[in-house]
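Student: Please put together the full structure from these sequences, using the hints given.
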Amino acid sequence: MSGLSTRVRLALAAALCVLPLGLVWSTSAGFLTSGYVIYGDCGYTADEYCTTDSYIPGYYLPGSRVLGADASARVFLVFAALVLGYVAVRTRTAATRRLARAATVSAGIALALAVSQRATLTIACLAGALLLVVPLVWRTPGKSGVFVPGPRSR
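Following the numbering used here, the numbering of the sequence shown begins with 3 at its first residue and continues without gaps.
One thing to keep in mind: the hints can contain errors.
[Said to hold, decoys possible] FRET-style restraints, in silico, Cβ to Cβ:
1. Y61 / R100: 34 to 40 angstroms
2. G42 / A114: 54 to 60 angstroms
3. A96 / L123: 30 to 36 angstroms
If you are wondering where the hints come from, they were derived from the structure by calculation, not from laboratory data.
The C-beta atom is built at its ideal place from N, Cα and C for all residues, glycine as well.
Tutor: Structure (C-alpha cells):
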C-alpha cells in the first residue's frame, strides 16, 4: 500500500465506499406456511344438517433482498465516498485532513452496520477502504504515544 500515492489511495477508498451501494446487504428466505383443517360437526343438531371438514391451505411469503442503496448505511457510504473523492482532488491541508477523518468515521459506522447485517462483500469493501485511508489521516507525525518513544527529559 505504501507504493500508492495519497491521491490514488483516497480515490480507491472513495470507489470502495461507493461499491457497497450495489451489493446485497441482507436477504430473508421465503417460507411456506402449513395448512390447517377446520373439522366439521354433525352432533349439534338432530336433523340431517352437518358441516363438513374444511382444509385451509398454507400460503407462501416471498423473501426479500436489501441492497446497499436501500440500507440504512447508505447515508454514511455516500458521505464517505463524496468526502474522500473531494479530498483526493484537493491539496492537503488541515481542513481536508479533518474532512478525511470524518469520512473514515462515517465509513467505520457503515462497516459496523454491515457487520451487524453479516454482509461479507460489503465488509470486505469497507475494510479495504479503511485500510487505505486510516494510516494516512489518523497518524500524527512528530507526536509521541504509548508505543512510540518520546523525547528524553533531562
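Student: Hint by hint, note whether the structure agrees.
Tutor: Against the structure, the hints come out as follows:
1. In this structure the supplied range 34 to 40 angstroms is violated for Y61 paired with R100, their Cβ-Cβ distance being about 54 angstroms.
2. Checking the proposed 54 to 60 angstroms range against G42 and A114 shows it holds: the Cβ atoms sit about 56 angstroms from each other.
3. Checked against the hint of 30 to 36 angstroms, the pair A96 and L123 passes, with Cβ atoms roughly 35 angstroms apart.
Violated hint for the displayed structure: number 1, the only one.
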